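Protein chains: 2
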Amino acid sequence: MTVHEYALVGDQVLANVEITSQDGVITGVRAGAAGPVTKGLTMPAMANCHSHAFHRALRGHTQTERGTFWTWRDQMYARAAELTPDSYFALAKDVYAEMVATGIGAVGEFHYLHHQADGTPYDDPNEMGKALLAAADEAGIRIRLLDTCYLAAGIGREPEGVQRRFSDGDADRWAERVAAFDDPRVGVAIHSVRAVPRDQLATVAKAAQGRPLHVHLSEQVAENEQCLRAYDLTPTQLLEEAGALGPMTSVVHATHLTGTDIRLLGESATRVCFCPTTERDLADGIGPARRLHDAGAVLTLGSDSHAVIDLFEEMRAVEMHERLASQERGHWSAAELLDAATVHGHASLGFEDAGRIAVGQRADLVTVDLDTWRTRGTGAAPETLVFAATGADVKGRA
Amino acid sequence: MTVHEYALVGDQVLANVEITSQDGVITGVRAGAAGPVTKGLTMPAMANCHSHAFHRALRGHTQTERGTFWTWRDQMYARAAELTPDSYFALAKDVYAEMVATGIGAVGEFHYLHHQADGTPYDDPNEMGKALLAAADEAGIRIRLLDTCYLAAGIGREPEGVQRRFSDGDADRWAERVAAFDDPRVGVAIHSVRAVPRDQLATVAKAAQGRPLHVHLSEQVAENEQCLRAYDLTPTQLLEEAGALGPMTSVVHATHLTGTDIRLLGESATRVCFCPTTERDLADGIGPARRLHDAGAVLTLGSDSHAVIDLFEEMRAVEMHERLASQERGHWSAAELLDAATVHGHASLGFEDAGRIAVGQRADLVTVDLDTWRTRGTGAAPETLVFAATGADVKGRA
Chain A
24 MTVHEYALVG DQVLANVEIT SQDGVITGVR AGAAGPVTKG LTMPAMANCH SHAFHRALRG
84 HTQTERGTFW TWRDQMYARA AELTPDSYFA LAKDVYAEMV ATGIGAVGEF HYLHHQADGT
144 PYDDPNEMGK ALLAAADEAG IRIRLLDTCY LAAGIGREPE GVQRRFSDGD ADRWAERVAA
204 FDDPRVGVAI HSVRAVPRDQ LATVAKAAQG RPLHVHLSEQ VAENEQCLRA YDLTPTQLLE
264 EAGALGPMTS VVHATHLTGT DIRLLGESAT RVCFCPTTER DLADGIGPAR RLHDAGAVLT
324 LGSDSHAVID LFEEMRAVEM HERLASQERG HWSAAELLDA ATVHGHASLG FEDAGRIAVG
384 QRADLVTVDL DTWRTRGTGA APETLVFAAT GADVKGRA
Chain B
24 MTVHEYALVG DQVLANVEIT SQDGVITGVR AGAAGPVTKG LTMPAMANCH SHAFHRALRG
84 HTQTERGTFW TWRDQMYARA AELTPDSYFA LAKDVYAEMV ATGIGAVGEF HYLHHQADGT
144 PYDDPNEMGK ALLAAADEAG IRIRLLDTCY LAAGIGREPE GVQRRFSDGD ADRWAERVAA
204 FDDPRVGVAI HSVRAVPRDQ LATVAKAAQG RPLHVHLSEQ VAENEQCLRA YDLTPTQLLE
264 EAGALGPMTS VVHATHLTGT DIRLLGESAT RVCFCPTTER DLADGIGPAR RLHDAGAVLT
324 LGSDSHAVID LFEEMRAVEM HERLASQERG HWSAAELLDA ATVHGHASLG FEDAGRIAVG
384 QRADLVTVDL DTWRTRGTGA APETLVFAAT GADVKGRA
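In order, the protein sequence lines correspond to chains A and B. Going left to right, the first sequence walks through residues 24 to 421 as the working numbering numbers them. Going left to right, the second sequence walks through residues 24 to 421 as the working numbering numbers them.
If we strip away everything but chain A, and leave its shape as in the complex, we get (with noise of 0.2 Å):
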């Protein structure tokens, strides 16, 4: 039994809070116990909802002499060249590790470097996902393993150099491979409108059969135009046409998008990932967030390209960008943004049992120290997770 000093209990904040937890589900939650705290504001473990491990190796080496987009995306397919099962293991172990450090209970791994350098499968054709499942067992955070099909360069375009290791040559070749890939964490991906063509997205789609389907949709804006160009439809027009929207489909990003986009994104209840600290690392823009949320989408968060692997940075950070767009504040409650980072986020993986303090949900906790530079002062409230606290502030999890 643990009394907690705070929790977040649905979107308050309550005092002393027993905890009861039975083969790591909560049993009981019960405000203004007795019994030694455990000092800090306790809060559900979050959902990191869009990930690419490999790039983390990235951090800090994409901005020598400024760096471009461009220096950005080569040395990312640099690196994407190289990873062998082995080292890409190792690699996603500290990443997770750094996850679960920083008060990250489950991720989601947008995957597609599945094939050896020049595009040969390996003997296990699904090695590479399966060392990302081991590395995730090594780092004690839940994953969903989003298995994705990348098969053009862009519309039109084979794949090219290190892009063969991503391919399967088409949408049902990938499905097979899926198909094969006994384990109940996986879940699908179609990398763009770019890298599957119009013709095989439903494939895509339809594999899914009720697991996650996530998609990188409008991040940038020439990928609307090449859209535009080869088919008269916008992205979202185009996954719309697929069947591929929905409660269980997360867009990710959502940057550049039309008033169409947002009312089907809206009117189907899709999910929007948005990753703040990426998009503007990679000068992506900012996307329509609270526009999507007033239309009926559903807002959840990733730390994408790990140039930070910081949750409570990525909530404010879609606040703060909100302001700097608008020249106004005040677009999300900490409420709202403490949803899409804990709640939202778990069942856009699948994992509908996780994500708040309640009976029946798992007993995944972090705990935020409340006398740190940083939150010292700021007083045991939602917005104190919000606004102030970072990955920094956690506490030792076991």
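Check before you lean on any hint, since a few could be wrong.
Identical copies go unnamed one by one, so any copy, or any two together, can satisfy a pair.
What the hints assert, rightly or not - Restricting the straight-line Cα-Cα distance to at most 20 Å, the calculated cross-link-like pairs of lysine to any residue (SDA-like) are:
#, residue 1, residue 2
1, Lys116, Lys153
2, Lys229, Val209
3, Lys62, Glu183
4, Lys153, Arg208
5, Lys418, Ala124
6, Lys116, Arg399
7, Lys418, Ala403
8, Lys418, Asp394
9, Lys116, Trp396
10, Lys418, Trp396
11, Lys418, Thr395
12, Lys418, Asp392
None of these hints come from the bench; they were simulated from the model. As the structure is a computational prediction, the values presented were derived from the model and not from experiment.
Dock chain B against chain A, hints included.
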């Protein structure tokens, strides 16, 4: 004698750097030295050029029920109303200690809480300023106390409510009080062109007498509109008319400028103090940092409202905000941003003897741990300091 594993010398990171000092002044810098090594990457302590110490009390408290600019301002004024010399000493001591702990060696305190709540001077009319100097001594931070002239609630409007604490009545009486403040650490400030009437700006500028002169400039569009309506000049043009621009002047924010403003600031080699974490928190917008630099103005940095105290974050936010605004990467090099946080920042506070690891400079050094979750694997390079490190990665300072 200490050998630093790595040290930032000029814009290069060198290995095994022996730095000798006497009476707090560096007497020798030698790379490739032998001896017991201090692990990490050592750099000059940074300069936080714009601080309102009491705003730290608002961190985490201004976002309730979403929180508009006015929520923030009401709370800020409520705090300003209740402070006494004793309570401000205690608060500021902790704020400055947070700065020291996160790698900051000098602060520019923009101070206008001069008088008692009803506007009556204290028995010693500089008692509040002296409390701030004592707080800096206690925390072990170097301070430039920017004694601020604040006379009006807006153009043509008398001070209201708590603003009576700020006002000396007119610029001559402000200058008399400052002349009686016999401490070499005192500099001066014009609060803004809203708070000092046009015909009194030159009085403050003259009173600087070669000391640093700081001024809030064009943080909000409304300030520009009011100024143009009243005077048919922009705030920058008004400062130029008053002889208030030049290398010993720092204009703070400089968010909403005309092309002429940028030219005037550049040609006069005025320093521009950006406070990006505050500018996003207050929804000010994104100022033209790079255009100012290219025109000849000199960038410095401040944490201002202390929503965040982390000069590493301020450095990278300058670049990140330009990326968000332009959808292009690569506006600033790491070396340029480090100069803003160190040598240019110290100089803007009148401290020409600090901000570089070089013979004759102050031996005020900060070591960044290269083995934290955030910095691991990023390399011993200037880019690590700007694009990966945080205040939490600074190793304990004596």
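Structure-based check of each hint:
When the C-alpha separation of Lys116 and Lys153 is checked against a cutoff of 20 Å, the pair qualifies only within one copy, where the shortest distance is 12 Å, while the shortest distance between copies is 53 Å. For a Cα distance limit of 20 Å, the shortest separation of Lys229 from Val209 inside one copy, 15 Å, qualifies, whereas the shortest one across copies, 70 Å, does not. Taking the shortest alpha-carbon separations for Lys62 and Glu183, neither the intra-copy value of 54 Å nor the inter-copy value of 43 Å comes in at or below 20 Å. For a Cα distance limit of 20 Å, the shortest separation of Lys153 from Arg208 inside one copy, 10 Å, qualifies, whereas the shortest one across copies, 62 Å, does not.
In the homo-oligomer, the alpha carbons of Lys418 and Ala124 lie at most 20 Å apart both inside one protomer (8 Å) and across protomers (19 Å), since each shortest distance falls under that limit. For the identical chains of this complex, Lys116 and Arg399 are inter-copy neighbours only, at 14 Å across copies versus 32 Å inside a copy, given an alpha-carbon limit of 20 Å. Taking the closest pair of Cα atoms, Lys418 and Ala403 come within 20 Å of each other only inside a single copy of the chain (15 Å); across copies the shortest separation is 27 Å, beyond that limit. Taking identical chains as interchangeable, the C-alpha atoms of Lys418 and Asp394 lie at most 20 Å apart whether they share a chain (11 Å) or sit on different chains (18 Å).
Proximity of Lys116 to Trp396 under the C-alpha cut-off of 20 Å is restricted to the inter-copy arrangement: shortest distance 13 Å between copies versus 29 Å within a copy. Taking CA atoms no more than 20 Å apart as the test, Lys418 paired with Trp396 passes in both settings, with 14 Å inside one copy and 14 Å between copies. For a Cα distance limit of 20 Å, the shortest separation of Lys418 from Thr395 qualifies both inside one copy, at 10 Å, and across copies, at 15 Å. In this assembly of identical chains, the alpha carbons of Lys418 and Asp392 lie at most 20 Å apart whether taken from the same copy (6 Å) or from different copies (19 Å).
Violated hints amount to a single one, hint 3; each of the other numbered hints is respected by the structure.
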